[in-house]
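Colleague: Please take these sequences and the hints and turn them into a complete structure.
Count the sequence shown with the working numbering and you get residues 40 to 272, in order.
Everything labelled a hint here was simulated from the structure, so no lab data went into it. You may find that some hints are simply not true.
As the list claims (entries may be wrong) - When the alpha-carbon atoms are kept at most 27 Å apart in a straight line, the in silico DSS-like pairs for lysine-lysine are as follows:
1) Lys125 to Lys136
2) Lys226 to Lys84
3) Lys98 to Lys64
4) Lys58 to Lys98
5) Lys58 to Lys125
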Amino acid sequence: MSEEMDIMDYLITAIQSGKFESDDKLPSENELADRFKVPRITARKAYERLQELGYIYSKQGKGSFVQDRNLRIPLDLSGSISFSQKMNDLGYNYQSKNIFCEPIEFNNKIYESLQADEDDNVYRVGRLRIVNGQSIALHTSYVLESMFPHICKEGQQITSMFQYYQSKGYHQFQSKQTILRVTFPSKYERNLLACSSLIPLLVLESGCIDTESGTTLECSKILYRGDCFSYEI
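Modeller: Quick look at the structure:
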């Protein structure tokens, strides 16, 4: 593993220093094996790990190339503008896909955030965010059925929660109780976001308040692919 890491460190340093630029062809596995005096399989494993981390990509029969890591979606983490509007304003080829709307079992943290009683029904609404054909984020919103009585049916069509709230008469929004942390994707999340287990996810847990009434509209959990964004806080 140390020999594999030596190769990875060398290539990452070379990429970050500009020695290898986006789409440049990298040394062959044989060249790396000769340079570091290791078996070819060690060089191959180093390339596999770098591909999982998003540093390189491969072409069948042609070798390995530097992935473009300079193009990052700037993401303002404030909650006053919807994610969909942010992406559209930035001019991206953007799509939001509804992937579930379902009731949840009692969860103390979620119910407390929504100021709900144990016998209240809470639904979760999930949207997969897609830019240029690539899945980049998973947004899950938790809402009270008592506040949105038709959420069971309407929630299956929602692609933007802010638009949904606006249709219900809420127009000014503010985030509350925001928590940021980093995790790595589960198998389910890897399948949805089409990423490897080595790609970190930024987790944003927050709430959304209607500023006019002070009503809590939702609590949410958002998973952002760490290799797709630059963050503005």
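Colleague: Now, for every hint given, state plainly whether the structure supports it.
Modeller: Hint check results:
no.: 1; hint: Lys125 to Lys136; result: 16 Å, holds
no.: 2; hint: Lys226 to Lys84; result: 22 Å, holds
no.: 3; hint: Lys98 to Lys64; result: 10 Å, holds
no.: 4; hint: Lys58 to Lys98; result: 20 Å, holds
no.: 5; hint: Lys58 to Lys125; result: 34 Å, violated
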